[in-house]
Amino acid sequence: MSTVGKYLGLFLGYLYINAKGLLEYKVSSLIALFGSLLNSAIWLVFWWVFFKRFPNISEWQFVHLFTIWAVLNVALALVSVFYNVYNISELINEGKLEYYLLKPRNALFHLLIARMRLVDLVEATIWLISFIILKPELPAVILFLVMSVISAGIIHGFLLIFGSLGFFLKSADGIGTELYNALITFSTYPNWIFRGAAKWIIFTVIPAGFISYVPVQVIYNRAYLWILGSLGFGIVLNVIGCVVFSRGLKYFETGNTFVLRAD
Amino acid sequence: MRRERQVIEAVKDVSFKVEPGRALALIGPNGAGKSTLIKLLCGILSPTRGSIRVLGMDPFKDRSKLAYHISSVFGQRSQLWYHLPPIDTFLLLGRIYDIDRVELKKRMKELVELFDLSSFLYQPVRKLSLGQRMRCEIAAALIHNPKILFLDEPTIGLDVVARSMVIDILKDLNQRKNVTIILTSHDTGDIERLCEDVIVLNEGRIVLESNIREMRKNFFHTKIIEIEFAGQHADLDLPPGVSVIERSGPVVKLEVNLKVQDANEVVSRIVAQNSVRDITIQDPPLESIIQHIYLSGDPAGREAEQNAQIDG
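As they're listed, the protein sequences go chains A and D. Take 0 as the starting number for the first sequence in numbering that gives the first Met the number 0 and just add one per residue. Take 0 as the starting number for the second sequence in numbering that gives the first Met the number 0 and just add one per residue.
Just so you know, not all the hints are guaranteed correct.
[Unchecked claim] Quick list of in silico lysine-lysine cross-link-like pairs, DSS-like style, CA-CA up to 27 Å:
id, chain 1, residue 1, chain 2, residue 2
1, A, Lys249, D, Lys16
2, A, Lys134, A, Lys5
3, A, Lys5, D, Lys146
4, D, Lys60, A, Lys5
5, A, Lys249, D, Lys60
6, A, Lys19, D, Lys108
7, D, Lys16, D, Lys252
8, A, Lys19, D, Lys104
9, D, Lys146, D, Lys108
Think of the hints as simulated: they come from the structure by calculation, not from any bench.
Full structure from sequences and hints, please.
Here you go:
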């Protein structure tokens with residue numbers, strides 16, 4: 000079997016075992032899904048009321064805000080397939096990385112696919128259907144999916160870099176969490192209102208612009224060049240993340256936490 | 000306030016070789032460097048100086064390649080999926096190690112029989128006892144037929160029966176399948192039953208490297224004689240170098256200092272003077288030797304050498 004085939008087999012193996020784990024806890028997964036959908040509904044109702052009063056802000060309407068929320072949710076669900084990307088720093092600092100280092104597979108790929116939060120994919124499907132109802136045009140749906148995948152790549156790369164810094168900064172969790180929260184907050188607000196330095200920040204340090212502003216530009220204004228820009232940015236982030244991780248392995252100190260396998 | 004940096008060398012000046020098919024125990028007090036040494040041998044850590052070869056490979060550089068031939072069980076870690084039955088972890092490991100389906104099925108059948116797992120193979124791991132879990136853990140570590148098995152405290156927390164079972168299986172693997180075993184444990188009983196060789200570490204250095212039988216011989220200065228008298232016995236007339244360490248009804252336990260007194264002579268003398276129902280001569284527990292080595296630190300090797308010369 001080719002290397003790609005072997006890694007695909009490994010991915011399917013983990014997909015199966017994670018799906019089995021999900022079914023083991025159906026009720027709690029469904030409650031989590033319901034809670035998340037309720038949270039989204041409250042957010043949408045708030046903006047719906049807002050846009051009813053002020054229907055047009057800098058030429059942006061409720062439909063655009065709905066789109067960025069949908070893109071973000073689908074992107075986050077895709078990141079959830081590599082759920083351990085949220086836990087890299089913890090895996091490093093608690094020595095749990097050892098498990099992956101002892102296996103004959105690329106440690107980074109292996110740890111990323113080992114945990115999946117598959118219930119998020121159900122939520123992503125609901126958002127996709129909602130978008131199709133909102134804008135039932137094939138090109139728009141395709142662009143929506145493309146931008147969701149690219150946004151997922153950007154979020155993944157961002158988390159990978161900050162998680163891998165755990166090799167060097169022994170408590171990188173704090174910085175990573177703060178920046179991630181900022182990324183999500185900026186991504187869910189109408190960030191087209193930002194100008195100057197703030198705009199520069201949302202396209203670099205906290206790349207929320209790529210996750211919200213750009214998808215709207217691409218889907219509604221057909222600004223195709225932005226696709227390449229976002230894609231390139233996502234690739235760069237992930238490459239940097241991989242380099243930081245592989246460099247960091249040399250600094251790995253391991254830990255001795257008494258744990259059951261849960262990551 | 001200023002932070003001071005201090006470099007601690009977890010393992011230093013360590014050099015040893017293990018022949019294939021041997022069972023080696025790494026022992027030492029907490030923080031001696033046993034686990035670090037195992038992690039260096041597995042390729043998890045890279046040494047700051049020196050070189051390591053495991054099966055002809057550099058463990059850190061060739062980690063992925065080496066992983067097909069070695070395995071490890073860390074008593075404090077688990078590779079089983081906690082909420083799923085052990086069979087699911089075994090199947091996943093089959094994919095991780097590229098084992099084809101037919102071979103995996105055959106291997107699993109062997110391991111299920113060897114570790115007697117059939118009654119709980121389909122039960123979630125969270126519902127298993129610690130002993131059952133450890134058997135599954137070791138079975139999982141053997142799924143890819145490794146040549147070397149590293150075990151770090153594999154019997155930690157197990158009861159006597161479960162521990163005995165685990166050690167018996169490991170011994171069988173070592174003797175019949177020629178799997179090289181490198182074990183760390185604080186349980187001297189496990190070490191004695193399973194291993195032929197021992198390396199004693201303290202503060203990151205090798206304090207003693209020896210065959211366990213040799214170590215016993217070179218470090219024993221005493222024998223324990225347990226006597227069960229047939230009837231009432233008068234006060235024992237003990238020669239110098241012999242002392243009573245325990246007395247319980249007709250049973251008396253004596254300790255003989257071999258540097259002063261010969262154990263056989265003590266036995267002959269007691270038998271000649273008393274009516275004896277049963278008599279046994281034992282070595283003191285291995286634990287007391289290890290404790291002695293830990294406390295004496297570096298000179299342990301020299302002391303063993305001196306004793307060997309005296310005995311020889």
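Taking the hints in turn, this is what the structure says about them:
1. A/Lys249 to D/Lys16: Roughly 25 Å between the alpha carbons, so the hint for A/Lys249 and D/Lys16 holds.
2. A/Lys134 to A/Lys5: violated, 39 Å
3. A/Lys5 to D/Lys146: With a Cα-Cα distance of about 23 Å, the restraint between A/Lys5 and D/Lys146 holds, given a limit of 27 Å.
4. D/Lys60 to A/Lys5: Roughly 21 Å separates the two Cα atoms, so the pair holds.
5. A/Lys249 to D/Lys60: Given pair A/Lys249, D/Lys60 holds - Cα atoms ~11 Å apart, limit 27 Å.
6. A/Lys19 to D/Lys108: holds, 23 Å
7. D/Lys16 to D/Lys252: violated, 41 Å
8. A/Lys19 to D/Lys104: Given that 27 Å is the threshold and the Cα spacing comes to 20 Å, the pair holds.
9. D/Lys146 to D/Lys108: This hinted pair holds, its Cα atoms lying about 19 Å apart.
Checked against the numbered hints listed earlier, the structure breaks hints 2 and 7; every other hint is satisfied.
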